[in-house]
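Q: So you can see what is in the structure, the chains are spelled out below.
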Amino acid sequence: MTLPELELAEVEVPSVDMQASVGGVPLVSPVLTASGCSAFGRELDPFFDLTSIGAVVTKSVQLRPRSGRATPRMAETPSGMINSIGLQGPGIDGLLEDELPWLAERGVRSFVSIAGARTEDFAELAARLRGAPGVLGIEVNISCPNVESRGEVFACNPDASAAVVAAVREAADPAHPVYAKLTPDVTDIVAVARACADAGANGLSMINTLLGLVIDPDTMRPVLGGVTGGLSGPAIRPVALRCVWQVHAALPNVPILGMGGIRTGLDALQFILAGAGAVSVGTAVFNDPSAPARIHAELAEALGERGFGRLADAVGYAHRAPDEVPAGRHGR
Amino acid sequence: MTLPELELAEVEVPSVDMQASVGGVPLVSPVLTASGCSAFGRELDPFFDLTSIGAVVTKSVQLRPRSGRATPRMAETPSGMINSIGLQGPGIDGLLEDELPWLAERGVRSFVSIAGARTEDFAELAARLRGAPGVLGIEVNISCPNVESRGEVFACNPDASAAVVAAVREAADPAHPVYAKLTPDVTDIVAVARACADAGANGLSMINTLLGLVIDPDTMRPVLGGVTGGLSGPAIRPVALRCVWQVHAALPNVPILGMGGIRTGLDALQFILAGAGAVSVGTAVFNDPSAPARIHAELAEALGERGFGRLADAVGYAHRAPDEVPAGRHGR
Amino acid sequence: MTEGSGTRLVQLPSGDRVLPPVPGSRTEPLGEPAPPAEHAPVQGLAVVVGSRPVSAYTELTLEAPDIAEVAQPGQFVAFAVGGPTSAMLLRRSIAIAGVGDGRFSVVVSARAAGSTWLAGLRPGDEVDVVGPLGRPFPLPPPGTPTLLVGGGYGAAALVGLGGLLRSRGHEVAAVVGAGDAARLCSVEDLAAVAAPFVVTTDDGSAGRPGRVTGPVADLVSGAGAVYACGPMPMLAAVARLATDRGVPSWVAVEESMACGVGVCMTCVLPVVGADGRSRFARSCVEGPVFAGDRVRFADVGTLPPDLVGADAMALPHPPDAPALDEAPEPEPSAEPGADTAAHPTAPTGETP
Amino acid sequence: MTEGSGTRLVQLPSGDRVLPPVPGSRTEPLGEPAPPAEHAPVQGLAVVVGSRPVSAYTELTLEAPDIAEVAQPGQFVAFAVGGPTSAMLLRRSIAIAGVGDGRFSVVVSARAAGSTWLAGLRPGDEVDVVGPLGRPFPLPPPGTPTLLVGGGYGAAALVGLGGLLRSRGHEVAAVVGAGDAARLCSVEDLAAVAAPFVVTTDDGSAGRPGRVTGPVADLVSGAGAVYACGPMPMLAAVARLATDRGVPSWVAVEESMACGVGVCMTCVLPVVGADGRSRFARSCVEGPVFAGDRVRFADVGTLPPDLVGADAMALPHPPDAPALDEAPEPEPSAEPGADTAAHPTAPTGETP
Ligand SMILES: Cc1cc2nc3c(=O)[nH]c(=O)nc-3n(C[C@H](O)[C@H](O)[C@H](O)COP(=O)(O)OP(=O)(O)OC[C@H]3O[C@@H](n4cnc5c(N)ncnc54)[C@H](O)[C@@H]3O)c2cc1C
Ligand SMILES: Cc1cc2nc3c(=O)[nH]c(=O)nc-3n(C[C@H](O)[C@H](O)[C@H](O)COP(=O)(O)OP(=O)(O)OC[C@H]3O[C@@H](n4cnc5c(N)ncnc54)[C@H](O)[C@@H]3O)c2cc1C
Ligand SMILES: Cc1cc2nc3c(=O)[nH]c(=O)nc-3n(C[C@H](O)[C@H](O)[C@H](O)COP(=O)(O)O)c2cc1C
Ligand SMILES: Cc1cc2nc3c(=O)[nH]c(=O)nc-3n(C[C@H](O)[C@H](O)[C@H](O)COP(=O)(O)O)c2cc1C
Ligand code: FES
Ligand code: FES
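Protein chains in written order, with this note's numbering: chain A, 1 to 332; chain B, 333 to 664; chain C, 665 to 1016; chain D, 1017 to 1368.
Think of the hints as simulated: they come from the structure by calculation, not from any bench.
Take these hints with a grain of salt, some might be off.
[As the list claims (entries may be wrong)] Pairwise CB distance ranges (calculated):
1. G307(A) with E437(B): 47 to 53 Å
2. G784(C) with E305(A): 45 to 51 Å
3. P787(C) with R642(B): 44 to 50 Å
4. R320(A) with G714(C): 37 to 43 Å
5. A774(C) with D381(B): 47 to 53 Å
6. P1139(D) with G24(A): 29 to 35 Å
7. A774(C) with E305(A): 18 to 24 Å
[Unchecked claim] Here are a few chain A residues that face chain D, going by a calculated C-beta distance under 7 Å:
8. P46
9. F48
10. D49
11. T51
12. S52
13. P65
14. S67
15. A70
16. Q88
17. D313
[Unchecked claim] Stretches of chain A that chain D covers, calculated by requiring three or more beta carbons in the stretch to come under 8 Å of a beta carbon on chain D:
18. 32-39
19. 252-262
20. 274-281
21. 288-296
This structure is a prediction, so every number in the text was calculated from the model and none was measured.
Where is the CB? At the ideal position from N, CA and C, for every residue including glycine.
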């Protein structure tokens, strides 16, 4: 039986070139996981093909293994959640011995998130990652308290952020792009972004969670053992988009890995249009463990429907004045 | 017919003393409206008794009438919305001639929000409100760009905030408590809060909206005419609670009018427990025009169920160590 | 069924709500601002008692005597959507299509998530509704021949009006149009009260091919009052045809609404007031019915510099401030997107 | 109905999943960590085919062959809740109570909004479900007499196990308890497979007055393996009774879960590992079934200083940093709430 012509035409989806990159390193997909929301990738293996996404961004790792905080570690909030895990993890040794090899064997690319309490911690972690198999690059989680500055969060201070980025850039494998991950909890995110870019960051990941608090109406105390926690999920998406928009407007040549509340392909599209070259899917994975693969497919379809032949043509598109773009079809 | 004893006992609701205050001025209820979310009160008259709530916080008024921005002025977001109205309003003359008399005639108390582009604008507005009927106090919306500082928002700068507060405190009727309304979009909200308190603020209103952005997937441009807008609604509640918590912890004697995503009595309770002496209901009014009255009733019930005899005993309760409070019943 | 049972509508007193005869002069607007409704809105749970597909739409019938018994043609209701755990905070405004027996009906076009949820309600479901909202269509002086023009589901909002006009002895003509046959609405109900009655579709799949403006141009001269509901470009065209011929028109506009009750200021459009000056008027409480020649259709979505208070929106310095609600508007002439670099600057002024 | 149709459960291979005989020594834990399930979880839409009240709960039966045909007793599923426009992002974990004919059943206790939504599902509704999740109850060596202990709706999670144990020739005793008669669950299903079978209620409204621990203390010595599911204090008491008598026990714990699949680290509790060292173990993928004497019940909700990696949580300086996920823990000994003054400090250091 042959399908009639019309039906064939109807199912024809314009094929979109979805190649993306992080700091020059090519990715098969612009969709990545978000640090801390996919552990080290393994547990998502039953739900989708991990090699089909851009990379697994691994849970932020520190030099030593960490137990993490006492429970409760989370509370659901309207269209979001707050968490206070405390960076539970195996430390860099465990990462190098158990987690990265598992990913590399399967051809899954990893983008390794590192965290520390001192500038030197970050540098040491970056150095340890030199030559690690399957590692595509490094995301520097600077939303950590700096013990040398009375616990002030690195990312709240442009100078402290720049110092970490410079140290990591110097210590890291030159082939590993270094992305600084910014917090939205600042008066001027562009200032922090600029400091990181000037210090040698190859790109910026944004945003980390917003500091939040939930009080349990029964115990009448903060729900979280850690009192405050990080707010994530669709609730924060407008804030994340605003940060991406501002930073792309100010620093149009700095690549951005956008994240914060992405749940669908159209959400991802908003980040791309605002200036992100790739996106991370975080909390949505808890709702839908196959979200990264689904979002890749939905984004490809959305781009095709809008006449884009290449993902790259859509990056930052919302900033262009209407007369800068040809009517009808966009991109080439 | 006489009801059996047991049933009478079952329906007995402990009556809670709901008296609250703003800067020493007593309120019949700790529940107020939020500026810009109830216009000047009139339109809510069909839905609940406006005299039953603490006060109507009026839309921020400036010296001159303002048209507001071009549409679109809003976009719905997950569990929230962003808006960019542009402070459409009648100016101080219109407020004094048409709006305040209407409220005062009906015995509705107003808490007047003022906004300006220069420190002197705020002072002039405060002076104009001297002797205005039914005015309980003044909320100073310092989330406005300061034209003398290249459009930097006053509330982003502790010194600029303090200057406005000091000028308003000096110009205003001494009987009018002056509340400074803070933005959460700062690295250190405690620093701004402290500057305002030191400058003579009788209290702090927190929080204003978070700066956000939404891109329309069809037009592929920002939805709002004003590009960015303010994010409000339950989505931001954890951020608002965190701000109230931090400021109350640092400045336990400064009264707080808490707001940000309050939709139910239990939401309001969280703010009270975190340190707010009264609360404002904003975006929830769009969903439920009788929300302020409903939330008052729900809050009273929630306090009673938890053994509080007075609202005042619950203020900041979540900060107290478990052994500071008697087991079983709380407060007197 | 409840459609077109206009006889159950509360009869309007013939006092100040009926407009004076058309002055004929075109230097000042032909229509006064529409007066407010007679009854304040109420809020409550309505029970869905009927749901049926009507071409591309869904017609819902709801039991809500408090609303049904006081609603006037042209008014609307606002539904909370998504149930108790919904992420959608804002109400959806829907025109009242018919009333009777303590019930009212609406015609819902399922677009995005909220209207799709509404259209999926089943008999027995309860839904939180506020209404009746907005200003009704003002009625013409006795004996005035009338023309109704409906586009898409907008035609539904004219059904109650048509019945009421007929019951008061008016001649009623009607033109109903849509993009295609599937998006025509309330054809039978309006055909029952209107003559002549013309149907148009853009693609010719039903009735006359083309837009409503063709038949409207033919019929408008015979009318003493025109009433229209439909997409904005249609309203603009119909109002213009009427005004050009000195016929007063009433249009029910559809602006994006956050609250529906007048407190949020999201639903505005530039309208010429009774004093001749233009203001951003709230379409929920000052509309949705406006005199057709008072709405500045060409300026919708912009900030016309002659608006009352537009002068206060300009910044003395180039705008580099956040586009907060609290921020002044950039120069009205500025390109949209001109404040793309907007961001709160840091206290220490690190940014150039 | 699907309850107790344990014969449809995939038969377990008798290889490494069956535990070695109890060593009897109490210096090391009696139970090995529970091995993982045989089948990976899947995600999809399940159709509700039945809903009925069961005392204070709701039993739902769902059509989902992919899950029903591979689930093992002790496993659970995670439901997305609230429909497509829900403000609730996180899944709700519910134990599988029975399987058969491509269907599985669950017993839902309606608490807050999400579980209430679940309990309100009607036949014909579709719900997004992930499963089967977690590690199943390890089976005892052939011939071992067993004791099942269920508290509240936790008893439902033991029904499949009871049937399987019986079909493999084990003696099965059971104690089922609850606060009151209305909160008893799965009594008939367990009575059908267990003897002796004892019911307790705290208030004496059904069965023996008092807690399950009384009958458990009597029965545990005759058992070679104890299986328990219910509230944490019950699990702690049952595990203790078993361990004190040298009987291995398996408890299915209930910790607050955000993802249910092992990626978020919210569901942890302190558990003694195979190497004798304690770690925060994820109850969704390393549990929910743990050896009863490996769970450090007394330390749940705290950060025991001897946990692997607990040393890395202490800050060299007093904690004044935000309690972000990213922030180090205050000294483990610090009072909860000790970082109440936590806030991000400004770049310019305005705060003291
Ligand atoms: C006075 C009036 C009468 C209306 N009558 C009808 C009717 O009879 N039948 C019908 O199908 N539709 C009617 N509409 C349009 C209807 O309100 C929108 O289509 C609907 O709100 C869109 O909801 P959504 O969830 O699909 O879209 P979304 O885009 O998700 O809505 C998001 C938000 O924007 C608002 N919004 C978006 N579009 C509109 C719009 N066109 N008008 C008002 N608010 C909007 C919504 O209320 C909501 O607050 C009317 C609108 C108005 C103002
Ligand atoms: C392995 C396992 C099996 C379970 N089996 C059953 C069962 O058979 N029947 C039953 O009625 N309940 C069961 N529960 C408990 C059930 O998951 C919670 O009662 C439910 O998630 C609460 O949802 P809510 O919307 O009422 O509460 P909320 O407090 O609004 O839930 C908010 C968030 O916290 C999580 N959460 C809250 N309480 C719990 C909890 N006790 N366990 C896990 N997550 C929680 C929710 O999943 C959600 O992510 C089980 C839990 C686990 C971990
Ligand atoms: C449970 C949880 C744990 C997280 N852990 C980390 C982490 O270890 N490192 C990090 O940089 N970000 C971490 N994040 C932040 C996310 O990577 C992401 O930046 C944020 O959640 C916003 O994206 P989302 O809304 O898609 O989740 C975590 C978020 C969540 C919810
Ligand atoms: C449509 C809209 C208009 C607002 N206008 C003002 C305003 O004029 N002045 C002001 O201080 N805050 C204004 N706000 C902020 C609210 O008063 C409130 O601080 C904020 O919305 C958070 O509370 P909510 O989540 O309860 O709405 C406005 C908010 C909204 C949604
Ligand atoms: S919709 Fe809120 S004022 Fe009109
Ligand atoms: S619930 Fe996410 S790791 Fe267990």
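Q: Check the structure against each numbered hint from earlier and tell me which ones fail, lowest number first.
A: 1, 2, 4, 5, 6, 9, 10, 11, 12, 17, 19, 20
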